[in-house]
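S.K.: Chains as they are written, first to last, in the working numbering: chain A, 1 to 711; chain B, 712 to 831; chain C, 832 to 1008.
No lab work stands behind these hints: they were computed from the structure.
Treat the hints with care, since some could be wrong.
Cross-link-like lysine-lysine pairs, in silico, DSSO-like; alpha carbons within 30 angstroms at most [stated by the list, open to error]:
1. K889/C with K655/A
2. K821/B with K237/A
3. K821/B with K743/B
4. K889/C with K565/A
5. K805/B with K827/B
Sample of chain B residues lacking proximity to chain A, with all beta carbon distances greater than 10 angstroms (derived) [what the hints assert, rightly or not]:
6. M712
7. N714
8. S721
9. D726
10. T739
11. K753
12. R754
13. S756
14. L781
Keep in mind it's a predicted model, so treat the numbers as computed, not measured.
For glycine and all other residues, C-beta sits at the position ideal for the given N, C-alpha and C.
Here are the chains, one letter per residue:
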Amino acid sequence: MSIDLSQFLPSFLEESDEGLALMESGLLDLEPGDDESINAIFRAAHSIKGGAGTFGFNQVTDFTHLVETLLDEMRDGRREIVGADIEILLKSVDCIRLLIEAEKVGETCEDSRIGHTTDLLNQTLALSDSSNEESNEQASVESTNVGGSSQTSWQIEFIPEHHLVQTGNDPIFLLNALADLGEVSIRCQSQLPAFDELDPEELFLTWQIELIADVDEDEIREIFEWVEDECQLNITKVETVEQVLAEPEHIASENTEAPVPQIEPEPVTAPEASIAPTSAPAASTPATNDKANKPAAKATVKAKPDAGSIRVGVDKVDSLINLVGELVITQSMLSELGNNFDLTKVERLNAGLEQLLQNTKELQESVMRIRMLPISFAFNRFPRLVHDLSLKTGKQVDLVINGEQTELDKTVMEQIGDPLVHLVRNAVDHGIEAGEQRIANGKPAQGTITLDAYHQGGNIVIEISDDGGGINRDAVLNKAIEKGVVEPGVTLTDSQVFDLLFEPGFSTAKQVSDISGRGVGMDVVKRNIQALGGRIQVESEQGQGSTFRVYLPLTLAILDGQLVKVGDQVYVIPLISIVESLQAKAELINTVSGDLVLYRLREDNVPVLPVYQLFNLPADNKDVEGCLLVVVEADGQKVGLMVDDLLAQQQVVIKSLEDNYQQVDGISGATILGDGSVAMIIDIPGIIDMALSHARDKQDQFYQSMTQEHV
Amino acid sequence: MANILIVDDSNSIRDMVSFTLKSASYNTVEAKDGLEGLNAAKRSSFDLVITDVNMPNMDGITLCQELRKLPNFRFTPILMLTTESSTDMKMKGKSAGATGWLVKPFNPEKLLATIKRVIR
Amino acid sequence: MDMQALASTVPVQGEYSLEGIDFITNGDQYLTFELDQEQYGVDILSVEEIRSWEKPTKIPNSPTYVVGVINMRGVIVPIIDLRLKFGIGTATYTETTVVVVLTIETDEHSRTIGFVVDAVSDVLDAEESDIKPAPAFGGRIPPCYVDGLVNLENDLVTLLNVVELQKIEAHASRKKG
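Just chain A, same shape as in the assembly:
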């Protein structure tokens, strides 16, 4: 039977990731004498090695074996836990990660770090002179398969100790296994004590077996491997025979009152033995061994985007099942009501519909919870990062993590990782001062970075704060003036100044280091956060430190939307970006610079964007006067979207357009409305960008035509 285990590869990969994360965090906190931690680290390495072997990831198995050996020595107390070894082990964790990544796609990992770390591990292990008994052992097993094809007659004497069956070993299976090797004839002897001394749970039988098979002594001993300490086993080679007896001899049991029921002698005649003609069993044994040495499933994964999997807590699933149960009850109640409906039952119908609404809402919330994971999944890489950074910069940094259990949508989590890494790097590199400077400022030499996460309304807030020098307001402002980002002489609030940090190409670091501060980054951080529908805020006090606060929506899957009509199309505008909706009054409409329409909204002049024009649609109404304006805001810019009609407000489930099509300018996704039709969701920052670039194109064209006329 061939069993394909490749379906378990994703679960192994997921488990390895977790194991590696556990090893990493364990190693970072490891203190001498902490047996439980070192055991947990060992266990993680051990599981990875075991799984990798199953999937034929030999590079991983070999490498992890070294790591495991080192950890084993630490675990047994044969090796002291020192910083240098921990650094090697941390490097090893990185290597295992690389190796698994490579094997996953069926490649050999060529990264130079592997060889380097392997050398380090070998050197470290060589110092403790750990012998490599295991590989010797393996070699000897393999050699047993080599042998002639001639049949040998063996005389085997098997005298088990009385307590043998108490370890769960049953002699019948051992005898069956022998019968699998070749022809057997078995003689059983009983040495029963007097009846009143007889313990029915003990074994008083011994066996003499004659085996004719093409095997060597090691193969026979292997069968008795599990019981070798609980029996006397004498194996003698009688002769080499060319022919095998045609008929196997039956067992001659001298004593039929066998005291132990499960070792009834007659099954030992083993049908396996009688169906075994001449050399077939002998030949088949090495063959199966051969197969057994091969990896079960050499898995190569197609390089296809992985949809990923989520491990869901049983409580979440249970609550879903409960809710579905309620839904079923409501449904049957409603359908019964519908069977012979009359107007007297309207009240009950309304109550039923109300209940259905409640069920659906709860079900939706429950389903959303499935995608939520504790933010520790994003935070768990930071201890290692801060550890490495503090080594590199020579700054002492302590990392404090709070709110790890705060839950966040899986997709948001995956995409927020890199921006957070950048912010933490920044905090170590630019935030925390060098030790001497801190002491001079009356602070402890060790700086502290705090990561925190909590829910606030429909958002999750992630805070990265440091107790460093704070942001130098004047330095930022001078730099901005120097770069021409702001005019000299303007007055800006603190938060306006700090927002300048997120301008493209802005970096205040005096020295460009290899950690952060290449002048790219903060603007990218802001862009990534905005792409997730979030925002970032900075607070800082000179000499006291800074706090970066990231606000993110809890989920990307659902949004509250305003349905609008443009021509015959329905669009969804995210409610969160809507400032207000109004009917345009003629006296408030102004046209400037030729064709830009501005609408006076109290003190602001809001540019009017005709959606039909931007989306290239036929519209019912092309006149701004009297039309409906939905005033929306993004990046501090307000615009009025010109639409034909305002429809309902409702929650919509966001569906990707990119799965089967591609990204579309001004559109963030699509959704399915109650009637089954599709509606596009307008991307507010996107449509503003579109309008800006349209305007720029128009100007370019205009100036081009001007210059052409001059020529």
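With chain A held as given, fit chains B and C onto it using these hints.
M.R.: Same frame as chain A, but now just chains B and C:
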């Protein structure tokens, strides 16, 4: 139909062992550490126990010792599933009452061949 | 793909009939359809389903042949009018107009796209030896879309390359950066 208890802290190994045994038409019950395994054993009988050695909460050696104290597990075969092929670990297992051992990397054919040596 | 459902729901035109077709044969099979009296074929393994025409939701600023998207059991599926894409015939939408939905898997991704055609015709068995290379002269259809030609009594079927079909050109308005 033989009932087999599988105890391992690694989900993937547990899944693979269980899958292999089920495809050979055995019934399986899974537990993620020794303690859970022991509780499962107290609730029902098994024809075979396959356990990992190194696990949190209760390791395989302790599980083995505890199982042997239960009246209906005195003669039940217990196999240790382990990558540790060191004689030391095997002896520890034996003295705790284990029947035998299976050396990882886990291989389905080998597993099925080996358990034929302890159950029908 | 439910072949029974396919056979019963497909509007049939001309002398071909899907009923009683033996779907289990050795050679490659192609679903053939009509674009302005001409016969075209696509690998039947990539056919997800055949739907009747329904008005799709427009995609802003898409090329004209991308007529919009529809909801296919909760999945957003773009609809491409092959007559507009290839400039064959006129894009009218009548009762027999159908959408052939193909799911095409490549190394990078799997895409499900609906293609509007005039009518679905038949299932065609073709051995590799039956497929002749397209003439170098080329018609309206760019040669990359054509896998080959198969003779069919008096007719000729153009086999289309589904991998090429699922490639989507970026919108003209989209700019880098």
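S.K.: Now, for every hint given, state plainly whether the structure supports it.
M.R.: Each hint tested on the structure:
Taken as a hint, the K889/C and K655/A pair is honoured in the structure, with Cα atoms around 15 angstroms apart against an allowance of 30 angstroms. For the proposed pair K821/B and K237/A, the alpha carbon gap of about 28 angstroms is at most 30 angstroms, so the pair holds. Under the criterion of a C-alpha separation no larger than 30 angstroms, the hint pairing K821/B with K743/B is consistent with the structure, at around 22 angstroms. About 13 angstroms separates the Cα atoms of K889/C and K565/A, which keeps this hinted pair within 30 angstroms; it holds.
Between K805/B and K827/B, the direct Cα distance comes to roughly 19 angstroms. Compliance with the 30 angstroms bound is thereby established for this hinted pair. Non-interface call for M712/B relative to chain A: holds, since the shortest CB-CB distance, roughly 17 angstroms, exceeds 10 angstroms. Listed as outside the interface, N714/B is consistent with that label: its C-beta sits roughly 14 angstroms from the nearest C-beta of chain A, beyond the 10 angstroms cut-off. Separation of S721/B from chain A is inadequate, the least Cβ-Cβ distance of about 4 angstroms not exceeding the 10 angstroms criterion.
A cut-off of 10 angstroms between C-beta atoms contradicts the statement that D726/B is not in contact with chain A; the least separation is 5 angstroms. Residue placement check: T739/B keeps its beta carbon more than 10 angstroms from all beta carbons of chain A (closest about 14 angstroms). Non-interface status of K753/B relative to chain A is upheld: no Cβ of that chain comes within 10 angstroms, the nearest being about 18 angstroms off. Here R754/B stays apart from chain A, with its beta-carbon at least about 18 angstroms from theirs, past the 10 angstroms limit.
A cut-off of 10 angstroms between C-beta atoms confirms that S756/B is not in contact with chain A; the least separation is 13 angstroms. Separation of L781/B from chain A is adequate, the least Cβ-Cβ distance of about 13 angstroms exceeding the 10 angstroms criterion.
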